[in-house]
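There are 2 protein chains.
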Amino acid sequence: MAQAVELPRNEEGIAIALGILKQQFGDRFHTGQAMRDQHAHTTTYIKPQAPDAVVFPTSTKEVSDIIKVCAAHSVPVIGYGTGTSLEGHVNAPAGGICVDLSTMNTILSVNADDLDCVVQPGVTREQLNTYLRDRGLFFPIDPGANASLGGMASTRASGTNAVRYGTMKDNVIALEAVMADGRVIRTAQRAKKTSAGYDLTRLLVGSEGTLGLITEVTLKLQGIPEAIRAARMSFPSIDAACQAVMTTIQYGIPVARIELMDELNVRAANAYAGLELPETPLLLLEFHGSDNAVVEQAEMFGSIAEDAGGFDFATTGTAEERNKLWKARHDLYWATLQLRPGAHGISTDVCVPISRLAEAVTGAQAKAEALGLLAPIVGHVGDGNFHCLVLIDLSDADEVARAEEFTAYLADEAIAMEGTCTGEHGIGQGKMPYLVKELGAAVEFMAAIKDAFDPQGIMNPGKIFGPRR
Amino acid sequence: MAQAVELPRNEEGIAIALGILKQQFGDRFHTGQAMRDQHAHTTTYIKPQAPDAVVFPTSTKEVSDIIKVCAAHSVPVIGYGTGTSLEGHVNAPAGGICVDLSTMNTILSVNADDLDCVVQPGVTREQLNTYLRDRGLFFPIDPGANASLGGMASTRASGTNAVRYGTMKDNVIALEAVMADGRVIRTAQRAKKTSAGYDLTRLLVGSEGTLGLITEVTLKLQGIPEAIRAARMSFPSIDAACQAVMTTIQYGIPVARIELMDELNVRAANAYAGLELPETPLLLLEFHGSDNAVVEQAEMFGSIAEDAGGFDFATTGTAEERNKLWKARHDLYWATLQLRPGAHGISTDVCVPISRLAEAVTGAQAKAEALGLLAPIVGHVGDGNFHCLVLIDLSDADEVARAEEFTAYLADEAIAMEGTCTGEHGIGQGKMPYLVKELGAAVEFMAAIKDAFDPQGIMNPGKIFGPRR
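As you go down the protein sequences, you meet chains A and B in turn.
Note that this note's numbering gives residue 125 to position 125 of the first sequence, counting from 1, and the numbers run on in steps of one.
Note that this note's numbering gives residue 30 to position 30 of the second sequence, counting from 1, and the numbers run on in steps of one.
In isolation and in its complexed conformation, chain A is listed as follows:
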């Protein structure tokens, strides 16, 4: 397992803060090893680094109290939602206090007339959507995991629906956050648009807890569409599938999801679920709209995709049939792991201009083969974003090294194609070397904001920039 960089610990400050917070939070403050280890679960091949304690606040005031104690004694503060981030975001390389916001999970208001809601950061997306269903509303961002909405905002998450509904940056209207000195700010009001000063909302979205902890999120909502239609089409090659995606997007067909599975993934799905899909690249789609509109959209896609060489087109409007049609995608994670039982799945995440997508995906396939790695590919291809799930034995140092070489290759290639080393997983610890390669001098200005907002460097240290002071 790869070593994460350790940062110097402020033992004295940590000891004092632990004492104060234990007194203030009683049985909502934990220093037991199991609890600490659980909060350093990184879902990567980066070694876990546990915090010194975990505290469960229930209000913005309490989050502010915690940060004030940590600020007074120069102690790291690491925000925690559901621990589903993928680049070591919750690691504590200098120790410190993990602030678990899962107990701040109240849906504060739903404004149906305005298509928005205000939630505490620990509310998960499934919790919110369950609550909204009877009101005819939903929140579209779906990163796969049942993540917390505060965490999703912090990492600028997106997922399968982003091609239609955007990412968290497009769906957060305003934030309340506690900053590094304990001050509480609200970044915007509830209006749908504003040009009032610097966009602190978008600055905090994706800041990974390094500038402040999000304590309230105002989100855009959508009406549940009248109709949802699914479709599926196989292609002779990645090139053909990507050509179909490009043309579909250019025609302005408002696809809600358009997912690519490569040959390897389709084979895994067939084996896992007894499906009989052609073992070639596959596109899965979903359309949202009126009854007429979704039928028309699916037909237009079918015609475009056939021109690109697609075959075995299937489309349906009923929920039950939709689930069957998408079964290969829904089971993907478990099916893929069965390609190599016992292996650990490591997810990569690059995003390129869509015109370069076919080249990027086939390049990744060739590189994985050259390195002797099993790395099936799934893509949110309407955005040019794709993930390789590298199946490795974490105890095999050589294999881990090859996986790291593969990750580096992907990032370098994406950057060379005017793309990004991270489409939706963030930088965390894992992508730090590539951020500078990608954005150069711009990173110095990011660091200037970090230093201005958090001069002691206590907010999630060792992330995005590496050690800062």
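Any copy, or any two copies together, can satisfy a pair, since identical chains are not distinguished.
DSS-like mimics (lysine-lysine), calculated; alpha carbons at most 25 angstroms apart, straight line:
#1 Lys68 x Lys22
#2 Lys437 x Lys61
#3 Lys220 x Lys437
#4 Lys22 x Lys61
#5 Lys437 x Lys367
#6 Lys47 x Lys437
Hints in this document: simulated from the structure, not taken from any laboratory.
Since the structure of chain A is already known, use the hints to place chain B on it.
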């Protein structure tokens, strides 16, 4: 005419910078009074404050050279696009150098497959759309004026299409900018989404030239829709019209434009263009999509609006008929000025949650009447954004004072309704007092960014925050 705050001038530094820049830029450097006055045209009732010189760079390198000279001698730098900003953004309260970017007007690349383009900041939106038309593409943001795209990014502009396509924050993929010390940064690559570090793109969008000058803009483009359909409907009251808007948005009908004109505006339009519209609140709409989809959308709107009390529904699909249908809106500015010939029109700009829109609009009407002001209202009502065009005699101090009272009332009411004092015009000089009312402590963090990026305070001083040092 209202006095703008004057800031202390660094006479010595300005004199040195003028000398150096004159030598470097020759006949692209101007200190003549007419040129200086033209660049302080503020389109508001704020008094113009001319810069000491105007320079026309032609490359990023030249912009960097200018800013380095200004940084070395602590001289203000004011970016200038087309001078159509509405809150005194281009004023020079401490003098300094106006950098007119209109000569950096090259369309650098159009990537049709990726639906994006890269342009220099002086390219105007009409120039871009003329260039794109033959390629079947368009750039949707339309703030009314034929503004420069760099300026539109700097003020986070939007306009009539924002309900469907978003604002500049949603349509800028990446920026190149020259910062306060002359360093050049690129905020993102060309991928459609990214989670690579802090969102400097969104930080610079709407920063009004106070953090850096934008020298390249990468923009999202749209395919020209297969069909465009227009519609019009009259309503017995503002309440009824706003109810129709809310229901339309809730149903997820993807209107491309939905504009409200109040009674006063409709009366002006009838008088100006010989129309015979019912002199009651009017909604004008545009739908973009497939031939079938736009017909269905217009029908759905018609049915919703009738339920809300709407009458005199008209809809059409041909370009010629569309222009007739929208004539009242197209002529609005000139028609409105005819309500009081010789008067100056001052535009206000607030945005509220859509559930409060009717209350905000009728409140504004009542307040204008109470103050004896003529202030017809037009709204981008799908976003809850509306403008009153206050028709005043700028030489009448009492009237100007009443107009200022009206503006203050609108801002205070919008903020009290969880809205914003500025939906799309920015802060500039005009809205500074309201920014702090609206966002409180958050403004301190905006100021911390300003100080970190521009410690000398040379970038467009006296805007957003007032004098900083």
